[in-house]
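Undergrad: Protein chains in written order, with numbering that gives the first Met the number 0: chain A, 0 to 377; chain B, 0 to 139.
Keep in mind that the hints were calculated from the coordinates and are not lab data. Accuracy of the hints is not assured; some may be wrong.
Claimed, not checked - Under 7 Å between C-beta atoms, here's a sample of chain A residues computed to sit facing chain B:
#	residue
1	S51
2	K86
3	I92
4	S104
5	Y170
6	E174
7	L176
8	P178
Claimed, not checked - Rough simulated footprint, nothing fancy, chain B against chain A, three-plus residues with beta-carbon under 8 Å:
#	stretch
9	23-32
10	111-117
11	127-139
12	324-336
Claimed, not checked - Taking lysine-lysine pairs in the DSSO-like style, the calculated list, with each CA pair at most 30 Å apart, reads:
#	chain 1	residue 1	chain 2	residue 2
13	A	K173	B	K18
14	A	K265	A	K98
15	A	K63	B	K78
16	A	K86	B	K44
17	B	K71	A	K98
18	A	K265	B	K3
19	A	K140	B	K78
20	B	K1	A	K284
21	A	K98	B	K51
22	B	K44	A	K265
23	A	K355	B	K18
24	A	K108	B	K18
25	B	K51	A	K86
26	A	K90	B	K3
27	A	K173	A	K26
28	A	K90	B	K51
29	B	K113	A	K173
30	B	K113	A	K90
31	B	K1	A	K355
32	A	K133	B	K123
33	A	K265	B	K51
34	A	K86	B	K131
35	B	K67	A	K98
36	B	K51	A	K108
37	B	K67	A	K173
38	A	K279	B	K119
39	B	K67	A	K133
40	B	K67	A	K355
This structure is a prediction, so every number in the text was calculated from the model and none was measured. Just so you know, even glycine gets a beta-carbon here, dropped at the ideal spot from N, CA and C.
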Amino acid sequence: MGYVAVKGGTQAIEESIKRLKYERLHKEQVLETGQIEGGMRGLIDQVMSESSLYDEKLAALAIKQAEGNPEEAVFLLRAYRSTLPRKYCSKIIETGEMKVERRISASFKDIPGGQILGATTDYTHRLLDFNLMKETEQTVKEWLSSYASGNIPFDELQQDLDLVLPKVLDYLRKEGLIPPLENNDAEPDDVTRESLEFPSSRSQRLQILTRGETGAVTSLAYAVIRGYGALHPTVGELRVGSLPINIEHPNEARSGEDEYYIGEIKATEAEMLMPFMTEKDKGRKELEFEIGYGLCFGQNETKAIAMGILDNCLEHPDSSFPSHNEEFVLLHIDSVESTGFISHLKMPHYVTFQSKLDSVRKTKAANAEEREEVQAYE
Amino acid sequence: MKRKQRTEILIEGSHELAKSLANEIEQNYSVSVLQEPEHGLVMLKVRETSRKSLFYLGEVLVTECKVKVEGKIGIGIVKGDHSDLAYHLAVIDAAFLGDLPETKPWAGILEIEKYYIEQKRKAKNEEILRTKVSFETMDV
């Protein structure tokens, strides 16, 4: 049965949209986008990452319009993104150039450059701070002033102030604990330009994982660790910091220092170590490490770690576990695709549902007739 | 000074500097705008460190402007919504491409701004490094 066009509801739809605006405004609070940008860093980062568009101001606007609903904000940003021309592709960003703001390893205590906690909720008590209800601009200024003056004596002579740090993996490669690798500069695929087909390429998988819905990526990675997968990961290195972006001149073929610096973005990178047993000559077994890779916009640590876990799962297809199945993982973690499909179930399905209802009625009527015939025969 | 370093100083430093340098050119030459500042996207190509292959991380909003000064086309491009800065960067880019005499003393001005940027970065890093862990071995 085909779809049948129906009319009606125009006025109701217009009033519904007004009602939506009323719900946003009826408490008569004007939420400035600057306030969202300044105070909702976690949500801004999540929305930028899932929408695959980096801009704090636009993310703040989308969050305001969506009344803080991330799935709606991501939808708005993805839609806006599709109206803009793609002017350039950046030069290759090497994450070793990250200006680190936070960097830890759960595998090694002593790492070159040290463990830098940066800003994290990891060591907070998770008790509601009711003082925040009384926070004023004055108290904020006072706190910032006392923070700037610092309360820990800092000995510059003992500390290197450079925060472009060596990577833990490079250290392991030098030690021979992970096999060395040459750079692979093959052009990546782009899932925003060409539809995904299976088997997917590594670049497609990583692109879909990095723009995946945070909760979905986290849930699937959690399932892997709980037994619906075959991995035992440890955080080799987790870092949060700024990555510089450079582009080539569109016409000049010069290289190196003639490129344009356009700014930097904040990102989270997770390198997950996965131990696995390999069989060497004469049946000798040896423990080796593989690396699962996660990188996403903003400070999004759970997502980056989860991405690293799923990356390694998808490198090792295993029909025993859905988390090792690329179709299962990649087709279900996109925010706009999954929420869009679930949401479309609210749209009118009158014709299809009526046809199902007709079938049920006919079946019931046929069954009733059959029962009557049997009873008459008896 | 190469373009990469120059644009980094002008973007990370005070935007007033870019404005004052561009104004100097505007006062002495005719600047024709070939492309008004407009928004667009730059796709970010990243190297992952597991297989050392490349993938696309996502796109970043940029503002881009193109101007012509003394026959040279300058491009100004910056992350985010910064129409004025994109225009000023384009004028400065064209001035350097044309090797205009006004640009000669700019190297020194940019070096001074670079010093201030480095000082700010050091102060920020100093704050971050206060969160560096100092391990102590426990007696068991």
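Undergrad: Next, verify each hint and record whether it holds.
TA: Hint-by-hint comparison with the structure:
1. Residue-level restraint check for S51 of chain A holds (minimum Cβ-Cβ distance to chain B is 4 Å; threshold 7 Å).
2. Annotation: K86 of chain A was flagged as interfacial toward chain B, and the flag holds, the nearest CB pair being 4 Å apart, inside 7 Å.
3. Given hint, I92 of chain A at the interface with chain B, holds; its Cβ is 5 Å from that chain's nearest Cβ, closer than 7 Å.
4. Below 7 Å, beta-carbon pairs count as interface contacts, and S104 of chain A has none with chain B, the closest being about 11 Å; its hint is therefore violated.
5. The beta carbon of Y170 of chain A is not positioned within 7 Å of any beta carbon in chain B (closest approach about 12 Å), and the interface hint is therefore violated.
6. A least Cβ separation of about 16 Å between E174 of chain A and chain B goes past the 7 Å threshold, and the interface hint is therefore violated.
7. The criterion of a C-beta within 7 Å of any C-beta in chain B is not met by L176 of chain A, whose closest approach is roughly 14 Å, and the hint is violated.
8. Below 7 Å, beta-carbon pairs count as interface contacts, and P178 of chain A has none with chain B, the closest being about 11 Å; its hint is therefore violated.
9. Figure legend: the stretch 23-32 of chain A, annotated as covered by chain B; annotation inconsistent (0 residues with Cβ-Cβ distances under 8 Å, at least 3 required).
10. For the stretch 111-117 of chain A, the proposed coverage by chain B is satisfied: 5 residues have a C-beta within less than 8 Å of a C-beta in that chain, meeting the threshold of three.
11. As drawn, the stretch 127-139 of chain A meets chain B at 0 residues by the rule of a beta-carbon pair under 8 Å; below three, the given contact is violated.
12. For the stretch 324-336 of chain A, the proposed coverage by chain B is not satisfied: 0 residues have a C-beta within less than 8 Å of a C-beta in that chain, short of the threshold of three.
13. In summary, the hint linking K173 of chain A to K18 of chain B is not supported, as the alpha carbons are separated by about 47 Å, beyond the 30 Å threshold.
14. Between the alpha carbons of K265 of chain A and K98 of chain A the distance comes to roughly 9 Å, so the proposed pair stays at or under 30 Å and holds.
15. Between K63 of chain A and K78 of chain B the CA atoms are separated by roughly 22 Å; this keeps the pair inside 30 Å, and the hint holds.
16. Note on K86 of chain A and K44 of chain B: the hinted pairing holds, with a Cα-Cα distance of about 14 Å set against a maximum of 30 Å.
17. For the hint pairing K71 of chain B with K98 of chain A, the CA-to-CA distance comes to about 35 Å; that exceeds 30 Å, so the pair is violated.
18. Only pairs whose Cα atoms come within 30 Å are accepted, and K265 of chain A paired with K3 of chain B is accepted, the gap being roughly 20 Å.
19. Distance check on the hinted pair: K140 of chain A and K78 of chain B sit about 29 Å apart at the alpha-carbon level, within 30 Å; holds.
20. Distance restraint check for K1 of chain B and K284 of chain A: the Cα-Cα separation of roughly 54 Å exceeds the 30 Å cut-off, and the hinted pair is therefore not satisfied.
21. Our distance criterion of 30 Å between C-alpha atoms is met by K98 of chain A and K51 of chain B, whose separation comes to about 20 Å.
22. For the hint pairing K44 of chain B with K265 of chain A, the CA-to-CA distance comes to about 15 Å; that is within 30 Å, so the pair holds.
23. Distance restraint check for K355 of chain A and K18 of chain B: the Cα-Cα separation of roughly 68 Å exceeds the 30 Å cut-off, and the hinted pair is therefore not satisfied.
24. At roughly 48 Å between alpha-carbon atoms, K108 of chain A and K18 of chain B are farther apart than 30 Å, so this suggested pair is violated.
25. As the CA atoms of K51 of chain B and K86 of chain A are separated by approximately 26 Å, the hinted pair is consistent with the 30 Å bound.
26. A hinted pair counts as satisfied when its Cα atoms are at most 30 Å apart, and K90 of chain A with K3 of chain B qualifies at roughly 12 Å.
27. A hinted pair counts as satisfied when its Cα atoms are at most 30 Å apart, and K173 of chain A with K26 of chain A does not qualify at roughly 60 Å.
28. A threshold of 30 Å between alpha carbons decides the hint, and for K90 of chain A with K51 of chain B the separation of about 15 Å falls inside it, so the pair holds.
29. For the given pair, K113 of chain B sits about 34 Å from K173 of chain A by alpha-carbon distance, which is inconsistent with the 30 Å threshold.
30. Distance check on the hinted pair: K113 of chain B and K90 of chain A sit about 23 Å apart at the alpha-carbon level, within 30 Å; holds.
31. Under the criterion of a C-alpha separation no larger than 30 Å, the hint pairing K1 of chain B with K355 of chain A is inconsistent with the structure, at around 70 Å.
32. Between the alpha carbons of K133 of chain A and K123 of chain B the distance comes to roughly 28 Å, so the proposed pair stays at or under 30 Å and holds.
33. For the suggested pair K265 of chain A and K51 of chain B, the alpha carbons sit about 21 Å apart, so the restraint of at most 30 Å is met.
34. For the suggested pair K86 of chain A and K131 of chain B, the alpha carbons sit about 40 Å apart, so the restraint of at most 30 Å is broken.
35. A hinted pair counts as satisfied when its Cα atoms are at most 30 Å apart, and K67 of chain B with K98 of chain A does not qualify at roughly 35 Å.
36. For the suggested pair K51 of chain B and K108 of chain A, the alpha carbons sit about 25 Å apart, so the restraint of at most 30 Å is met.
37. This hinted pair does not check out: K67 of chain B and K173 of chain A have alpha carbons roughly 50 Å apart, beyond 30 Å.
38. Of the pairs offered as hints, the one joining K279 of chain A and K119 of chain B is violated, with about 53 Å between alpha carbons and a cut-off of 30 Å exceeded.
39. For the hint linking K67 of chain B to K133 of chain A, the alpha-carbon distance of about 54 Å lies beyond 30 Å, and the restraint is violated.
40. Restraint check: the Cα-Cα separation between K67 of chain B and K355 of chain A comes to about 67 Å, which exceeds 30 Å; the hinted pair is violated.
Comparing the model with each numbered hint stated earlier shows that hints 4, 5, 6, 7, 8, 9, 11, 12, 13, 17, 20, 23, 24, 27, 29, 31, 34, 35, 37, 38, 39 and 40 do not hold.
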